[in-house]
Amino acid sequence: MKAERPEARPIAGGTDLLVELNFDRARPETILNLAEVPELKGWARDNGSLRLAAGLTYTEAMQSELAELLPALAEASRSVGSPQIRNRGTIGGNLGTASPAGDAHPPLLVEDATVEIGSVRGARSLPLTEFFLGPKRNALADDELVLAVRIEPSGEPQTFMKVGPRNAMVIAVCSLAVGIDRERGELRAAYGSAGPVPALVIAPLDARAEFPELVAAACSPIDDVRGTAAYRRHALRVLTTRALERVFA
Amino acid sequence: MKIRLTVNGEPREADVWAGESLLTALRDTLELPGSKNACEQGECGSCSVLLDGDLVCACLVLAAQADGHEVTTVEGLRSDDGLHRVQQAFVDAGAVQCGFCTPGLVVATAALLERVPSPSDDVIREELSGNLCRCTGYAKIFDAVRLAASRP
Numbered sequence: 001m002k003a004e005r006p007e008a009r010p011i012a013g014g015t016d017l018l019v020e021l022n023f024d025r026a027r028p029e030t031i032l033n034l035a036e037v038p039e040l041k042g043w044a045r046d047n048g049s050l051r052l053a054a055g056l057t058y059t060e061a062m063q064s065e066l067a068e069l070l071p072a073l074a075e076a077s078r079s080v081g082s083p084q085i086r087n088r089g090t091i092g093g094n095l096g097t098a099s100p101a102g103d104a105h106p107p108l109l110v111e112d113a114t115v116e117i118g119s120v121r122g123a124r125s126l127p128l129t130e131f132f133l134g135p136k137r138n139a140l141a142d143d144e145l146v147l148a149v150r151i152e153p154s155g156e157p158q159t160f161m162k163v164g165p166r167n168a169m170v171i172a173v174c175s176l177a178v179g180i181d182r183e184r185g186e187l188r189a190a191y192g193s194a195g196p197v198p199a200l201v202i203a204p205l206d207a208r209a210e211f212p213e214l215v216a217a218a219c220s221p222i223d224d225v226r227g228t229a230a231y232r233r234h235a236l237r238v239l240t241t242r243a244l245e246r247v248f249a
Numbered sequence: 250m251k252i253r254l255t256v257n258g259e260p261r262e263a264d265v266w267a268g269e270s271l272l273t274a275l276r277d278t279l280e281l282p283g284s285k286n287a288c289e290q291g292e293c294g295s296c297s298v299l300l301d302g303d304l305v306c307a308c309l310v311l312a313a314q315a316d317g318h319e320v321t322t323v324e325g326l327r328s329d330d331g332l333h334r335v336q337q338a339f340v341d342a343g344a345v346q347c348g349f350c351t352p353g354l355v356v357a358t359a360a361l362l363e364r365v366p367s368p369s370d371d372v373i374r375e376e377l378s379g380n381l382c383r384c385t386g387y388a389k390i391f392d393a394v395r396l397a398a399s400r401p
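Note that the protein sequences, when read in sequence, are chains A and B.
Start counting the first sequence at 1; every next residue gets the next number (the working numbering).
Start counting the second sequence at 250; every next residue gets the next number (the working numbering).
Check before you lean on any hint, since a few could be wrong.
Lysine to aspartate or glutamate pairs mimicking DMTMM-like chemistry, simulated, CA-CA at most 20 Å apart [as the list claims (entries may be wrong)]:
hint: 1; chain 1: B; residue 1: LYS251; chain 2: B; residue 2: GLU292
hint: 2; chain 1: A; residue 1: LYS2; chain 2: A; residue 2: ASP223
hint: 3; chain 1: A; residue 1: LYS41; chain 2: B; residue 2: GLU324
hint: 4; chain 1: A; residue 1: LYS2; chain 2: A; residue 2: GLU116
hint: 5; chain 1: A; residue 1: LYS136; chain 2: A; residue 2: GLU65
hint: 6; chain 1: A; residue 1: LYS136; chain 2: A; residue 2: ASP224
hint: 7; chain 1: A; residue 1: LYS41; chain 2: B; residue 2: GLU319
hint: 8; chain 1: B; residue 1: LYS251; chain 2: B; residue 2: GLU262
hint: 9; chain 1: A; residue 1: LYS41; chain 2: B; residue 2: ASP303
hint: 10; chain 1: B; residue 1: LYS251; chain 2: A; residue 2: GLU65
hint: 11; chain 1: A; residue 1: LYS41; chain 2: A; residue 2: GLU65
hint: 12; chain 1: A; residue 1: LYS41; chain 2: B; residue 2: ASP277
hint: 13; chain 1: A; residue 1: LYS136; chain 2: A; residue 2: GLU7
hint: 14; chain 1: B; residue 1: LYS251; chain 2: A; residue 2: GLU29
hint: 15; chain 1: A; residue 1: LYS136; chain 2: A; residue 2: ASP223
hint: 16; chain 1: A; residue 1: LYS2; chain 2: A; residue 2: GLU39
hint: 17; chain 1: A; residue 1: LYS136; chain 2: A; residue 2: GLU116
hint: 18; chain 1: B; residue 1: LYS389; chain 2: B; residue 2: GLU375
Partial selection, computed: residues in chain B whose CB lies under 8 Å from chain A [said to hold, decoys possible]:
hint: 19; residue: GLU280
hint: 20; residue: GLY283
hint: 21; residue: SER297
Keep in mind the hints are simulated off the structure, nothing from the lab.
Backbone N, C-alpha and C define an ideal beta-carbon position, used for all residues, glycine too.
All chains, please: the whole structure from these sequences, using the hints.
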């Protein structure tokens, strides 16, 4: 259907698209309902890796079995909107919208996720680092949809943090996921809402002292209604320090 | 387009346009004005309903997506025996001032107590974080939730 009607707007939980519709910012001729597609639901183990289908909701990502495997994603999911939003909003929708502030993006980047993309032409995989092209722009062609996210969980300590005026219903002023990867000897951090795309910063394991400064230097935030560039850079420096304390605790 | 859904236990039909929200269909077509229309962006929770038992903002559900599904609105909580215990607790605790947020809070509280019969204050705060009240300062609402939880 997406191939026949490339202009169709896909809808899963609707938490982004309905705002556009309600405020008359979009009047799509065709809306493609993905919510009834069973293949896009849930998550599964697959040869040591995890496959999170695009329709996985934030509420589902917070449940204990998945939360133990992907703790930073569970923390990030818990920080999304409200229970009402988390029951509807999906990981695939977060990627499709590709907001620089998408809460699922930093934890998935830290875990080196790849995106499974499908169309009538077949399926392809893309590292998440290559998926985000700009604010609300991603690598999907007009006939493509996000099918799933694939992850090999590191099983090592990781955490997610987010700055906003309250704990609920907040679009991140900035956000950060940090993880240790002893196998590769890496410190990994990914920030959101502090550049045109959510991005990954990697340093050697022994660079803990310099890491907050590296993250602050890597981001490229702007001044906007939610905060200033200087504040975001400062906040990321502080969050990285705190996140390192948590993951090395 | 025509949709068929179950609302408060009854099969209903509605004619909706493709981009219409479930909230608009409930209020304007199905004549159930209990769910309130305020922010239209999922910020305020005053349109909270249950969709297949899950708490959602009706303003963020496409009406067409509710086709074939089950919706419970605040009107559906009442039974022949009278008010739902959450509704009664909001009355008894005086947890209502202007009343605009009340239907959403009642539905959200009912959904919470279904899953967590005796929630702590932290859990109440977290679970009702998507429902805004600009009158009460929430103290009476907390009283109502605790009161509802204490009753069978």
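Tested hints:
1. LYS251/B to GLU292/B: Between LYS251/B and GLU292/B the Cα gap is close to 28 Å, so the pair fails against 20 Å, i.e. violated.
2. LYS2/A to ASP223/A: Outside the cut-off at roughly 37 Å; violated.
3. LYS41/A to GLU324/B: Between LYS41/A and GLU324/B the Cα gap is close to 31 Å, so the pair fails against 20 Å, i.e. violated.
4. LYS2/A to GLU116/A: holds (16 Å)
5. LYS136/A to GLU65/A: Roughly 31 Å between the alpha carbons, so the hint for LYS136/A and GLU65/A is violated.
6. LYS136/A to ASP224/A: holds (16 Å)
7. LYS41/A to GLU319/B: holds (19 Å)
8. LYS251/B to GLU262/B: holds (7 Å)
9. LYS41/A to ASP303/B: It holds: about 16 Å lies between the C-alpha atoms, which stays within 20 Å.
10. LYS251/B to GLU65/A: Violated, at about 40 Å.
11. LYS41/A to GLU65/A: Satisfied, since the Cα-Cα distance of roughly 16 Å is no more than 20 Å.
12. LYS41/A to ASP277/B: Not satisfied, since the Cα-Cα distance of roughly 32 Å exceeds 20 Å.
13. LYS136/A to GLU7/A: holds (16 Å)
14. LYS251/B to GLU29/A: OK: LYS251/B and GLU29/A at ~17 Å, within 20 Å.
15. LYS136/A to ASP223/A: holds (17 Å)
16. LYS2/A to GLU39/A: Within the cut-off at roughly 16 Å; holds.
17. LYS136/A to GLU116/A: Holds, because 18 Å separates the two Cα atoms, which is no more than 20 Å.
18. LYS389/B to GLU375/B: holds (16 Å)
19. GLU280: violated (21 Å)
20. GLY283: violated (16 Å)
21. SER297: holds (6 Å)
Checked against the numbered hints above, the structure breaks hints 1, 2, 3, 5, 10, 12, 19 and 20 and satisfies the rest.
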